[in-house]
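Chemist: Protein sequence lines, in the order shown, are assigned to chains D and E.
Each residue of the first sequence is one higher than the one before, starting from 476 at the first, in the working numbering.
Each residue of the second sequence is one higher than the one before, starting from 476 at the first, in the working numbering.
Hints were generated in silico from the structure; no laboratory data involved.
Warning: the hint list may mix true and false statements.
[What the hints assert, rightly or not] Among chain E residues calculated to face chain D with C-beta under 8 angstroms, some are:
| no. | residue |
| --- | --- |
| 1 | ILE642 |
| 2 | GLY644 |
| 3 | SER703 |
| 4 | VAL741 |
| 5 | CYS830 |
| 6 | ALA845 |
| 7 | LEU867 |
| 8 | SER868 |
Where a beta carbon is used, it is the ideal one built from N, C-alpha and C, also for glycine.
Below are the chains, spelled out letter by letter.
Protein chains: 2
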Amino acid sequence: MAVNIRRFTDYLPIAGVRLGVAQSNMRYPERDDMVIIELAEGSQCAGVFTRNAFCAAPVSVCRQHLQHSTPRYLLINTGNANAGTGEQGWQDALQSCQQLAEAGQCAMEQVLPFSTGVIGEPLNMTAFERGIPAALQDLSDDHWDRAAAGIMTTDTVPKGYSQQLVIAGETVTITGLSKGAGMIKPDMATMLGFIATDASIDAVLLQRWCGQLADSSFNRITIDGDTSTNDCCMLIASGRGGLHIDRDDSPGADALFAALKQAFQVLAQAIVRDGEGATKFVTLQVNGAAQPQEALDVAYTVAHSPLVKTAMYASDANWGRILAAVGRAGIDDLQVDQVNIFLNDVQIVENGGRCASYQEEHGAAVLAQAEFLVRIELGRGDCSDTLWTSDLSHEYVSINADYRS
Amino acid sequence: MAVNIRRFTDYLPIAGVRLGVAQSNMRYPERDDMVIIELAEGSQCAGVFTRNAFCAAPVSVCRQHLQHSTPRYLLINTGNANAGTGEQGWQDALQSCQQLAEAGQCAMEQVLPFSTGVIGEPLNMTAFERGIPAALQDLSDDHWDRAAAGIMTTDTVPKGYSQQLVIAGETVTITGLSKGAGMIKPDMATMLGFIATDASIDAVLLQRWCGQLADSSFNRITIDGDTSTNDCCMLIASGRGGLHIDRDDSPGADALFAALKQAFQVLAQAIVRDGEGATKFVTLQVNGAAQPQEALDVAYTVAHSPLVKTAMYASDANWGRILAAVGRAGIDDLQVDQVNIFLNDVQIVENGGRCASYQEEHGAAVLAQAEFLVRIELGRGDCSDTLWTSDLSHEYVSINADYRS
């Protein structure tokens with residue numbers, strides 16, 4: 476199942492960025508499962524990574540390489556996450572970088588490795604011997620679509636985004652990919668995002684922006700609350716276009732940031748739309764919080780409530796479940812009679828109780844739609860937050876319970 | 476579904492405690508749905524209540540009455556939670572107390588009200604007119620079994636416990652009831668526990684013990700992580716037996732506390748065994764934590780992970796999912812290579828990776844059982860915690876999504 480998402484195909488190339496795809500036989504034969512993204516000399520690259528303490532070996536290597544060099548290649552394999560693999564996993568990740576560095580004539584530290592797939596099994600190193608030369612051979616600035624398909628695990632749809640706009644008189648292109656659908660079927664993991672622009676962005680600024688952009692997109696989605704060991708999101712600035720951004724107040728910086736934010740959010744939301752067993756795409760907005768963290772805590776508590784999620788699956792406007800989730804979100808001095816809750820424009824809770832004008836069929840009509848907004852007003856202050864989530868369906872249980880048995 | 480639980484019938488009466496059951500037609504006709512527990516003069520009663528900010532009107536009334544008087548009656552109705560009902564709900568709860576106080580000839584503050592059932596609908600007050608006289612008429616020290624059935628909502632089994640033992644040369648009896656199966660089907664809520672002993676216990680000590688006992692039992696179970704608006708747990712000491720406990724170091728205090736702890740834990744675990752859609756009863760033990768809270772955080776993160784819960788449902792010893800949940804439990808300086816995980820005696824994770832000796836069929840054999848232990852060793856210190864949870868099945872989704880639609 477997937478909610479209002481179709482394969483994106485209108486990719487615009489990014490000058491300075493080429494992509495190559497290959498069949499490496501990492502785990503399954505005859506599928507595109509290895510992707511190389513080549514960055515031209517002078518490109519900048521920033522990243523944010525999983526906060527899971529059990530982060531996979533390629534994530535640790537990636538972090539370290541990013542600190543000590545300017546990347547030339549991103550090497551992505553699907554089928555094996557190289558997670559929970561200890562010292563051997565670390566050595567294997569380094570060796571895959573070494574192989575690409577030799578073939579691509581750069582330093583090993585200029586290669587960033589990304590793995591997604593089964594946890595706890597050793598990497599198939601012969602797959603790199605086969606896949607790296609083939610993917611290098613395949614490099615083209617026109618292969619975004621095949622790359623989006625080549626990094627999928629149990630995604631049902633390749634996920635992409637592309638936009639061209641004029642900022643401060645310069646034409647700027649933004650193109651990106653993402654993958655992920657939860658922590659996915661038994662032993663499968665990882666959300667990945669790769670977003671590139673031909674603008675030139677100062678390296679320190681790029682890293683800060685990457686964090687801020689991920690916080691408003693990939694860090695604001697939840698399907699099942701389970702953080703993978705392999706999550707990575709990379710922002711690439713090839714610098715081949717005419718726009719140069721050195722500081723937050725450079726001409727065009729605001730517009731570029733806004734355009735990148737849209738790219739990040741569309742790609743993040745695509746993961747929710749393709750979420751495991753998802754039949755609903757839900758925007759959860761919390762307003763009137765006293766602190767930013769408070770808004771986020773309430774939003775996550777509601778988004779992770781199995782009772783709220785099953786009610787959404789059933790198109791059941793069960794305001795008691797939403798209310799109970801708000802009530803246990805950890806706000807000690809919550810004034811319950813200040814709380815108002817809306818489904819789109821239908822008010823279901825007024826001053827902490829059932830809204831007098833509310834009729835069940837109005838709530839049910841909103842929830843029968845594939846996409847809707849749940850808006851929670853806390854009446855405590857000016858802080859807000861928004862996140863995106865999916866429902867909890869029979870299909871979710873089937874995907875996660877039945878597959879291996 | 477329910478895991479290794481059958482109707483308990485061997486109740487021993489508690490001198491000074493009588494129970495009456497009636498059909499009040501609160502929501503459904505012709506079912507026992509109103510219970511009165513009468514406490515003889517001189518009984519002490521302590522309670523712990525939901526921490527949900529949207530606590531129901533009867534919970535607020537109960538808390539207040541408990542502070543200002545010595546209870547003579549507990550009045551419990553099922554079918555309607557009187558939650559999310561605002562000022563009217565508060566007045567209705569008071570009025571139900573007033574009705575019982577008049578009929579039972581005590582002060583209104585000596586009645587404690589408890590409600591469980593639908594959220595957001597006004598109480599059916601004529602049900603009390605019918606139910607209170609009938610339940611008073613029915614009072615007997617032998618009606619624990621019917622009372623256990625009379626407080627059920629969607630529980631599949633009435634839940635009880637009874638034990639007699641000799642402490643410090645005195646015969647002591649402990650008998651209790653509980654109900655709950657999650658936040659239960661659409662709009663139904665509440666876990667309730669009532670435990671009585673004929674020992675005499677100092678009132679201040681009783682309240683402290685009640686909190687400590689609930690923390691090691693009802694506050695250590697989780698089915699779906701959703702806290703109800705109506706949760707209450709009451710500890711009653713009728714004082715009609717020969718054992719008198721004034722202080723923690725009174726003769727027999729340790730033995731009585733231990734016996735009460737067993738009663739609390741059996742009744743709490745009964746709720747998990749009867750959990751919505753439960754097919755597995757899982758004990759989650761976290762050892763080697765640096766702080767008590769850390770052990771609890773890890774245990775809850777694992778217990779609430781939909782991926783871990785669906786894997787248990789599938790009898791799939793998916794150690795990667797458990798590992799990933801431990802990794803996102805918020806321990807910043809977790810040394811992943813110190814982590815070991817066991818299913819009963821089968822080690823699945825050794826030093827943060829797959830245990831070398833582990834074979835998948837051994838893990839699957841453990842998880843194929845209806846009850847098993849997941850033991851997580853963090854290797855950071857001496858703190859431990861244990862909680863009990865159930866799996867996430869198709870039946871859970873059906874109960875929570877399909878019922879109202």
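Chemist: Each hint: holds or not?
Modeler: Here's how the hints hold up against the structure:
1. For ILE642 (chain E), the interface hint is violated, the least distance from its beta-carbon to any beta-carbon of chain D being 37 angstroms, above 8 angstroms.
2. At a threshold of 8 angstroms, the smallest CB-CB gap from GLY644 (chain E) to chain D is about 45 angstroms, leaving the interface hint violated.
3. Look at SER703 (chain E): its Cβ gets to within about 7 angstroms of chain D, closer than 8 angstroms, so that hint holds up.
4. Interface hint status for VAL741 (chain E): violated, as the beta-carbon distance to the closest one in chain D is roughly 25 angstroms, over 8 angstroms.
5. At about 10 angstroms, the closest approach between the beta carbon of CYS830 (chain E) and any beta carbon in chain D exceeds 8 angstroms, and the interface hint on this residue is violated.
6. With its C-beta approaching chain D no nearer than about 16 angstroms, ALA845 (chain E) sits outside the 8 angstroms limit, and its interface hint is violated.
7. Checking LEU867 (chain E) against chain D: minimum C-beta separation of about 6 angstroms stays under 8 angstroms; hint holds.
8. Among the interface hints, the one on SER868 (chain E) holds; its C-beta lies about 7 angstroms from the nearest C-beta in chain D, closer than the 8 angstroms criterion.
Hint compliance for this structure: hints 1, 2, 4, 5, 6 are broken, all remaining hints hold.
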